[in-house]
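Taken in order, these protein sequences are the chains called V and Z. Numbers given in my numbering equal positions in the first sequence, counted from 1, plus 78. Numbers given in my numbering equal positions in the second sequence, counted from 1, plus 2.
Take these hints with a grain of salt, some might be off.
As the list claims (entries may be wrong) - Where chain V lies over chain Z, by a calculated footprint (3+ residues, C-beta under 8 Å): (1) 9-23; (2) 30-40; (3) 64-73; (4) 114-123; (5) 130-137.
Hints listed in this document are in silico derivations from the structure and should not be mistaken for laboratory results. The structure presented is a predicted model; accordingly, all values stated were derived computationally and were not measured. Beta carbons are placed, not taken as given, at the ideal position from N, Cα and C, and that holds for glycine.
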Amino acid sequence: MSVSGLLDKIIGKAVDPLVGVQGWVSTRVQTIVDFFTLPRDVTTLMQQNAALEAKISQLQTENLQLKQQLVETEILYALLDFARDNPENQYVAASVIGKDPSPFLNYLIIDHGSDNGIFKGMPVVTEQGLVGRIDAVTASAARVQLITDAGSTVNIRLQDSQSEGQVSGSVTGDLSLERVSASVTVKDGELVFTSGLGGSFPAEILVGQVVSPEVKENELFQTASVQPSVDFSTLRAVLIITNFQAVEIEPLVP
Amino acid sequence: MSILISFPIVILLMILQTTFFREITLLNGSADLFLVTIASWALLSKDNSSWFWAILAAALCGFVSAIPWYVFVFTFLSIVIMARFVRGKLWQSPLMSVFGITMIGSIILYVLTFIGLRFQGVVYPLQSTMVRVIIPSIFLNLVFAIPVYAILKDLSVWIFKGEVEQ
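Model the full assembly from the supplied sequences, consistent with the hints where possible.
Here it is as structure tokens:
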């Protein structure tokens, strides 16, 4: 019978009702068990859920903090690389903690001051290039005048033509190239560096790139826009060159 | 009480102004939280504390900003004078008062800033300054005048109710 498969059929027919009964009983028993245990489980689940939600919230906060630290570390590494590449200067790193309250001015507030060896006139840079100079100092903070401020003028030298001129800021935060002789050929995209003339900034710091130079007829000087090398909108940390003594040029009094 | 509370509020305003509100820009303009606060408080306060608020705010702004200090002193005191003059006359339309004072105060502030910086040797082109900075800033000041007035109204109710109960 077993060989012919008849036995399996008989057993199957006998067991099928039992499986049905088993299933029916099991469902009812599970229902009864749930009835007695469900309230406790809901409470436990609610507690677990609350604990997990708190844990998720904590992990999300940690995640954000770590991302923040990662960004800061990347910035600091970039600044450190810049400082290593330019060992002739001494630097103090500072974080940007605010901007001047007035929309007329392009100034930053940093979290280092005279207690950290920072004084008025010191140049401020990042690994991307020139940022500005220290305008005012307290013991623990300082105000930085950006090169994009309308009151800022930087003496520059163009990389290819080696001619000198000035880069001035404006109320809109745009930089413009001035005092470059009309006879000089200025190329679009030419790099602009500080010249060191006037004693306000050290020489050879990148300021930006020339954009759309324009020579007007019968003008002594040509004009152009300058795209700053530093992205001022995302500036988070800066380096202050502490071993540079800015020269305060006063008008000559007879 | 209203004088005591001015210290933390003015410091908080400075932190918010130099961080958050300078990031909210329209073209190159940004709101002046101090101006809006002084205008609202001068309309709402039932004592003479708005003079103190104005002087404290002007002192802090003059210290932090590169704008000449006298610009803030003159502007904020002018706002208090205007608000106290208007308060007795337009008391039934407080929002109109705060809008009017904010607008006139903003014009005074930006014109004085323009002149003050010119005295310092910084020359701004009038047209682009007007279009890119002054008009957008005035607009933002008016936008922020409503929530600032609402918050300070609650604060004034809390402060002056406490003083009445004492």
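Against the structure, the hints come out as follows:
1. Coverage of the segment 9-23 of chain Z by chain V holds in this model, with 5 residues showing a Cβ closer than 8 Å to a Cβ of that chain against a need of three.
2. Interface restraint, the segment 30-40 of chain Z with chain V: holds (5 residues with C-beta to C-beta distance below 8 Å; minimum three).
3. For the segment 64-73 of chain Z, the assignment as covered by chain V holds, since 4 residues bring a beta-carbon within under 8 Å of that chain's beta-carbons and 3 suffice.
4. Under the rule that three or more residues need a Cβ within less than 8 Å of chain V, the assignment of the segment 114-123 of chain Z holds, with 5 such residues.
5. Look at the segment 130-137 of chain Z against chain V: 4 of its residues bring a Cβ nearer than 8 Å to a Cβ of that chain, three or more, so the hint holds.
Hint compliance for this structure: every hint is met.
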